[in-house]
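Here are the chains, one letter per residue:
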Amino acid sequence: MKIIVDYDLCESNAICMGIAPEVFEVRDDDLLYILQENPPEELRERCEEAARRCPKQAITVED
Amino acid sequence: MSVLVAGASLAGLSAAETLRKSGYESEIVVVDRSTTLPVDRPPLSKQILSGEWALERAVSHSHGKLDNWGLDLRLGSAASRLELDPLRVTLEDGSVLEPEGVVIATGSRPRHISDSASRLQGVHVLRDLAHTTALRSDLESSSGPVAVVGAGFIGAEVAATCRSLGHEVTMIEAAATPLVRVLPAPIGQYIAGLHRESGVDVRLGVGVADIVAGPDGHVRGVAMADGSMIEATIVVVGIGVQPNVEWLEGSGLDIANGVTCDARCVASPRVVAAGDVASWHNPRYDRRMRVEQWEHAIGQGEHAAVVLLSEMGFAGSGEVGAFDSVPWFWSDQYDRKIQMAGIPDASDEMVVVEGSIEEGRFAVLFRRGERCSAVLGVNRPRHVMQARMRLEQSLDWDGVISLFD
Ligand SMILES: Cc1cc2nc3c(=O)[nH]c(=O)nc-3n(C[C@H](O)[C@H](O)[C@H](O)COP(=O)(O)OP(=O)(O)OC[C@H]3O[C@@H](n4cnc5c(N)ncnc54)[C@H](O)[C@@H]3O)c2cc1C
Ligand code: SF4
Chain A
28 MKIIVDYDLC ESNAICMGIA PEVFEVRDDD LLYILQENPP EELRERCEEA
78 ARRCPKQAIT VED
Chain B
528 MSVLVAGASL AGLSAAETLR KSGYESEIVV VDRSTTLPVD RPPLSKQILS
578 GEWALERAVS HSHGKLDNWG LDLRLGSAAS RLELDPLRVT LEDGSVLEPE
628 GVVIATGSRP RHISDSASRL QGVHVLRDLA HTTALRSDLE SSSGPVAVVG
678 AGFIGAEVAA TCRSLGHEVT MIEAAATPLV RVLPAPIGQY IAGLHRESGV
728 DVRLGVGVAD IVAGPDGHVR GVAMADGSMI EATIVVVGIG VQPNVEWLEG
778 SGLDIANGVT CDARCVASPR VVAAGDVASW HNPRYDRRMR VEQWEHAIGQ
828 GEHAAVVLLS EMGFAGSGEV GAFDSVPWFW SDQYDRKIQM AGIPDASDEM
878 VVVEGSIEEG RFAVLFRRGE RCSAVLGVNR PRHVMQARMR LEQSLDWDGV
928 ISLFD
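So the protein sequences, as listed, match chains A and B. Here our numbering runs 27 ahead of the position in the first sequence, where the first position is 1. Here our numbering runs 527 ahead of the position in the second sequence, where the first position is 1.
Next up, chain A with everything else stripped away, as it sits in the complex (with noise of 0.2 Å):
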């Protein structure tokens, strides 16, 4: 699993890492990290419902 990050579009609103805080992180600079761009497969639920709540549809898992 791959976690794909648009930051032309993501505005560190942060909701991503409080589903999955293990792969998203934003900052004190405001800015999102990815922690992990392959996550483990247990994580892949998560990830899942982080990029369907990102108000920007920034996030892509791919597999």
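Treat the hints with care, since some could be wrong.
[As the list claims (entries may be wrong)] Think about it this way: if two alpha-carbon atoms lie no more than 30 Å apart in a straight line, the pair counts; the simulated DSS-like pairs of lysine-lysine are:
1. 548/B with 83/A
2. 573/B with 83/A
3. 864/B with 573/B
4. 592/B with 29/A
5. 548/B with 592/B
6. 83/A with 592/B
7. 864/B with 83/A
8. 592/B with 573/B
9. 548/B with 29/A
10. 29/A with 83/A
[Stated by the list, open to error] Stretch-level coverage of chain B by chain A, calculated; a stretch enters the list once three of its residues show a Cβ under 8 Å from a Cβ in chain A:
11. 853-866
12. 900-911
By construction, these hints were calculated from the structure, which means they are not laboratory data. Nothing here was measured: the structure is a model prediction, and the numbers come from that model. Backbone N, C-alpha and C define an ideal beta-carbon position, used for all residues, glycine too.
Take the given structure of chain A and dock chain B with the ligands to it, following the hints.
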């Protein structure tokens, strides 16, 4: 076996997707009054209205995925009647469905000041893409002043967008501070200040008597309750919404303020509700609430779908508990991103935990005894989200404040 979902917007499609994800393979009929798929609404008062985004970007999240879900999607098909026992839904075209379960997700629509005012040229509300394109076209063709009636979220965002486009803007609010229904007064005052700094004429604590037409049937301005008149060639009315519940009249459901549900979002056996239309008892706050927010519609749609499967005795669905969410929303005004998680009371103590209100970048917690009821941030997304994660575990004050030591 089948499920009927009334409303194909955020809450309804979230419920339909969840039914499929949970392994429900029977028929799912999704009906919507609208002849086109509903759009994603938040950009309608922000990026689409300002012209920053092309119209296509208001397409809802689900569009790309709909084909995979195998739904019987019937657009231009409104539900007009619900009977509970046996469960039966009549559509406007007269057809009758007898589903095994029903999801009510018919959302809400804007309130108008009066029927006659709503028909005047130059008077707008904002809910659908057509509303935004109509307002945008007026903003492009008229340099005249804009009056925004109501300083709720949509009103405040529209005022910010119109001002940023260079229009003269007056924002009128009957309450003493903007956003009074959701935000405590000090934050409302901050927002009023933000608009004033940007050059908006903010009138608080005065009601609107009427919208006034010129001889040509075009709006001329807003007559205020104190006898004054605010001239405007464009008037945007943002005085709140009313839930779409008329089709449920006579069903036996309580529809006094949206569809009354229990803590699990159940309105009646095998009938659930979600999104703007649903009023439920949130045990986390021990309070009945109806939340008109984007992420809430997704989350409650998911929850209601799982509960419905359990109500229908769907194999493997198990027991599902109450929907005890910590609601979260954002609002963009000028270059400020306002976010809040939780439900503060007007009388809660406000504690600044990051930054300061003066610098325009801060986070505050709301305290009531030993409980933290909410966190609010302006350009502080990380702090809001961290505090929200704590609030979802517990509203205990010590647990949340310890994040900010
Ligand atoms: C301009 C604007 C900006 C917003 N900005 C934000 C924001 O920044 N942040 C935030 O958190 N929230 C925001 N919101 C709120 C958010 O968009 C709503 O809470 C959300 O759309 C609610 O989704 P819903 O599915 O419950 O209802 P709706 O989106 O209202 O959908 C209900 C659907 O039901 C259909 N329907 C109605 N009656 C019937 C019937 N009898 N039969 C069949 N179908 C029917 C309607 O056609 C509609 O498609 C904004 C809303 C607006 C209008
Ligand atoms: S939810 Fe989307 S917009 Fe928000 S920080 Fe994550 S990727 Fe960015």
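Quick rundown of the hints versus the structure:
| no. | hint | verdict |
| --- | --- | --- |
| 1 | 548/B with 83/A | 23 Å, holds |
| 2 | 573/B with 83/A | 13 Å, holds |
| 3 | 864/B with 573/B | 12 Å, holds |
| 4 | 592/B with 29/A | 19 Å, holds |
| 5 | 548/B with 592/B | 12 Å, holds |
| 6 | 83/A with 592/B | 16 Å, holds |
| 7 | 864/B with 83/A | 14 Å, holds |
| 8 | 592/B with 573/B | 25 Å, holds |
| 9 | 548/B with 29/A | 21 Å, holds |
| 10 | 29/A with 83/A | 19 Å, holds |
| 11 | 853-866 | holds (count 4) |
| 12 | 900-911 | holds (count 4) |
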